[in-house]
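Asks: Here is how the chains run, residue by residue.
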Amino acid sequence: MPLQVKRLLLVFAIFIGIMLVLKYVLTPDSWREYGPYRGNAIGEIASQQAKYVQKESCADCHDSIAEIKSLGEHINLQCEICHGPGYQHVDDENFKMEITKNNALCLRCHTKNAASPKNIIKQIDAIEHNEGEECITCHNPHQPWL
Amino acid sequence: MDKIQSLYEALTKVDGFIYPNELALNWDMLIVMYPYITGLVAGAFILASLNRVFDIKALRPTYELSLLTALSFMLVATMPLITHLGQPFRFYEMLITPHLTSAMAIFGFVYLWYLMVVLLLEIWFDYRYDMVIWSREKKGFMKFFYKALTLWVSDTSPESRKTDEKIGYFITVVGIPSAFLLHGYVGFIFGSIKANPWWSTVMMPVIFLFSAMVSGIALVMFIYMVVSYLRKQKIDMNALDTIAKYLFYILIIDFTLESLDQIHRIYEADESFDILKILVRGKLFFTFFIMQIGVGVVIPLATLGFLQFKKPRVRIRKLIYWIISICVLVGIFYMRWNVVIGGQLFSKSFYGFTSYKVNLIGGSDVTLSLLWFIVPFFILAFLLWLLPPWKKAPPIEIPEE
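Order-wise, the sequence lines are chains A and B. Yeah, the first sequence ends on 146 if you go by our numbering, and it's all consecutive. Yeah, the second sequence ends on 1401 if you go by our numbering, and it's all consecutive.
No wet-lab data here; the hints were simulated from the structure. Quick caveat: nothing in here was measured; it's all calculated off a predicted structure. A few of these clues could be false.
Said to hold, decoys possible - Some chain A residues flagged as far from chain B (calculated, every beta-carbon gap over 12 Å):
id, residue
1, Thr27
2, Glu73
3, His139
Unchecked claim - Chain A is faced by these chain B residues, among others (derived, beta-carbon under 10 Å):
id, residue
4, Gly1016
5, Trp1152
6, Val1153
7, Thr1163
8, Tyr1169
9, Lys1310
10, Pro1312
11, Val1314
Built from N, CA and C at the ideal position, the CB exists for glycine as well.
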């Protein structure tokens, strides 16, 4: 066998050896426990803290607002859709939840959009409809249309 | 969704009905660069093999240049993917956890095979003798460096050169199907996505392959002219004419295949056809009809076809070749663009569109894409300095047995 081929084979053998060592050392422990992914990933994802606490948890304390809301059109919406995730506030009542009061929040759902069902979600043209006014000067978000 | 500040803002980018997860394009311009750069590698290598395996002697002046071009682009071929994923420290996991259930997971191995077994080996056997000679001429660090590159084999006997020549030939023969595998694989990634009618066609690997050859040949043509100009050397017009001839032939095949795919799609006119028609005539009009077909195919085909019959003066011919190579490179870039971006612009409900706006300033995808396109030229400049093809010893003649 020519010398250059021998040397090359040696280099390739070293390379493959290094790859095998790396594979042995670096492969995550639970790889292929269930399939071609880390088995531990399932546990890790499941153990993450839930960020959203659901409207029933909010109603435990904020019962008066929950009652108002239950009479309005937003009855089926979760509080956290507008107020954001509530897990920190539930654990510690001193933790204040930021409430966005600008129009953009309302317009997420209520802006005119051909793709949205008009009979279910009221839609307005943000440019024509009382330009410059805050939505919440006329509409109470908890009971928007009464 | 982090790219979109609010849903309200996002909805302004939408026409008709789309599913929520189709708002933002997950594969941006970096993923356009990935098949583009990989294609340049495969194409440049095929041009080299035309000389070595198919024995087209006129292409000899561009043989080493093609190989070094392929290598410099190959070295950055994975970078668009790694930067797009944004997890540079986890890229190796693909290589240490191999499995066959995902086409993407196989890329690492296709890539390694092509880089290590084909490109590096072929260049090594081609340059081994010269590196030994250079290691004797140089002093200091460069002497050591060349010696290390030869793996401390200092044999310069005619027998060893003949061995190099034979093994190099064998590697090129293996390299052709490997180059086909490399780029056919990239086409397969798109062609195998059955949920996307713009991608899902068995023609995709073949189309990618031929467009790769077209772009790679155009790139070597471009680089050969620029390098000759910078070195103030006379361009071998015979080589350039031959490259242009093959560019013309392969461009015809490429255009035929793409047309066949589109005609088939148009005639079949299945349920996705309406949305694709609006897509191509609307959002992709500029990139598809003007850039991909006009600049990338019609102009080069007409010009190169004309040159097959009538040869203008050398000066004009050089200028034409230079412009045509750029046209083809731009056209193939837009072909990748139309595949990658086009396939994500329409909703899989077939009732709506989203949009993709390139941020020319401040957009990380454009900056990085440009970077990964420019870096190979610097690598090539370094390789041409380290392994200058014009300082190589003349090839050894192997008598016919």
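Asks: Evaluate each hint against the coordinates.
Replies: Tested hints:
1. Thr27: violated (5 Å)
2. Glu73: holds (20 Å)
3. His139: At about 17 Å from chain B, His139 of chain A clears the 12 Å cut-off, so the statement holds.
4. Gly1016: holds (6 Å)
5. Trp1152: Trp1152 of chain B check passes; min Cβ-Cβ to chain A is 7 Å, inside 10 Å.
6. Val1153: holds (5 Å)
7. Thr1163: This interface hint holds because 5 Å falls under the 10 Å limit.
8. Tyr1169: Because about 14 Å separates Tyr1169 of chain B from the closest Cβ in chain A, which is outside the 10 Å limit, the hint is violated.
9. Lys1310: violated (49 Å)
10. Pro1312: Constraint on Pro1312 of chain B not satisfied, violated at 47 Å.
11. Val1314: The hint is violated - Val1314 of chain B has no Cβ within 10 Å of chain A, the shortest such distance being about 42 Å.
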